[in-house]
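2 protein chains.
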Amino acid sequence: MTEPSPFRPELIRPFLESTLNVLRTMALIEARPGKPFLRGDSRSEGDVSGIIGMAGRKVSGSMALVFPAPTILQIVSAMLGEEFKEINQDVLDCVGELTNMISGNARAGLAKLNLQFEMALPTMVRGTHHCVEHQSKGPVVCVPFELESGTFYVEAAFRIVS
Amino acid sequence: MTEPSPFRPELIRPFLESTLNVLRTMALIEARPGKPFLRGDSRSEGDVSGIIGMAGRKVSGSMALVFPAPTILQIVSAMLGEEFKEINQDVLDCVGELTNMISGNARAGLAKLNLQFEMALPTMVRGTHHCVEHQSKGPVVCVPFELESGTFYVEAAFRIVS
Numbered sequence: 024m025t026e027p028s029p030f031r032p033e034l035i036r037p038f039l040e041s042t043l044n045v046l047r048t049m050a051l052i053e054a055r056p057g058k059p060f061l062r063g064d065s066r067s068e069g070d071v072s073g074i075i076g077m078a079g080r081k082v083s084g085s086m087a088l089v090f091p092a093p094t095i096l097q098i099v100s101a102m103l104g105e106e107f108k109e110i111n112q113d114v115l116d117c118v119g120e121l122t123n124m125i126s127g128n129a130r131a132g133l134a135k136l137n138l139q140f141e142m143a144l145p146t147m148v149r150g151t152h153h154c155v156e157h158q159s160k161g162p163v164v165c166v167p168f169e170l171e172s173g174t175f176y177v178e179a180a181f182r183i184v185s
Numbered sequence: 024m025t026e027p028s029p030f031r032p033e034l035i036r037p038f039l040e041s042t043l044n045v046l047r048t049m050a051l052i053e054a055r056p057g058k059p060f061l062r063g064d065s066r067s068e069g070d071v072s073g074i075i076g077m078a079g080r081k082v083s084g085s086m087a088l089v090f091p092a093p094t095i096l097q098i099v100s101a102m103l104g105e106e107f108k109e110i111n112q113d114v115l116d117c118v119g120e121l122t123n124m125i126s127g128n129a130r131a132g133l134a135k136l137n138l139q140f141e142m143a144l145p146t147m148v149r150g151t152h153h154c155v156e157h158q159s160k161g162p163v164v165c166v167p168f169e170l171e172s173g174t175f176y177v178e179a180a181f182r183i184v185s
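Those protein sequence lines, which keep their order, are chains A and B.
Heads up, the first sequence stops at 185 in the working numbering, and the numbers go up one at a time, no gaps.
Heads up, the second sequence stops at 185 in the working numbering, and the numbers go up one at a time, no gaps.
None of these hints come from the bench; they were simulated from the model.
There could be a bad hint or two in this list.
[Unchecked claim] With the Cβ distance kept under 10 Å, some of the chain B side facing chain A (calculated, not the full set):
(1) E40
(2) S72
(3) A87
(4) K135
(5) R149
(6) T151
(7) V155
Cβ atoms here follow ideal geometry from the backbone N, Cα and C, with glycine treated the same way.
Starting from the given sequences, assemble the full structure and let the hints guide the process.
Here it is as structure tokens:
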């Protein structure tokens, strides 16, 4: 058995920067990142989530984007240039693309820290007020991002075998 | 751009057998598998799901176990030898373990088909009547499993680069 290593705060930066960059590029939105925190017993609730697995020989983990409905409707309306008022297939497709782009971008940053891994396919979850739980013996880091329409969350969990 | 290959039915068998074996071994439950089907527009609803990513150089994908509450409560009660009446942290931990075991077992079967990949960490979702959507240009295969308490679903989506 290999014990998971303690959390390394520098691992969250690639996710934070990637989220800002992708929203800026794809939706012309300037999100305001809050202070990252270690998730304890509290759970972020969302109405739509994008989840993706990261798997390599030395690292495995999962990332989730957790969106209350108003936040993802704001983002998708800006991305596609028309107003979306409900969560439909177009919105779910955008969540998948955002999950791919944000994790893919972060992957490049993590590679510089010598953490190589492959990406799985994203999975989207739709359901009022659901919570995402990561299975990680190590910590789960959560970064809140504020928009006009509310706050959404980027969560990452890692297990590193050194 | 590489086009995804069409669905290969033999890819679902490792998941089917693995689910039966894990439930038999861990919970002494004989689940009755229904006919696998390609998921179209219909969505399986669950109250708890376990999701895991699979990532390799030639294959990427995701697997989800989608449980209505009565089915996972039956399974966890049998696994842990005491009656569970609500979805709590113990139940979520069991969902994570089941997701690990079923996908890990299936991985061994898929390796015999020359599909090697690493596993990500599982992610669990809790929320009444949520749906899981896989991002796959290829088909999403769903296998229903019947228990006394209801029907749960194992879903798998793959993208294979040949």
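Against the structure, the hints:
With a least beta-carbon distance of about 22 Å to chain A, the hint placing E40/B at the interface is violated under the 10 Å criterion. Here the hint on S72/B is kept, as its CB sits about 7 Å from the closest CB of chain A, short of 10 Å. A least Cβ separation of about 6 Å between A87/B and chain A falls short of the 10 Å threshold, and the interface hint therefore holds. For K135/B, the interface hint is violated, the least distance from its beta-carbon to any beta-carbon of chain A being 19 Å, above 10 Å.
Interface hint at R149/B: satisfied, since its Cβ lies 5 Å from the closest Cβ of chain A, which is below the 10 Å cut-off. Restraint check, T151/B versus chain A: the minimum CB separation of about 7 Å is within 10 Å; hint holds. Evaluation of the V155/B hint against chain A yields a held restraint, the C-beta minimum of about 6 Å falling below 10 Å.
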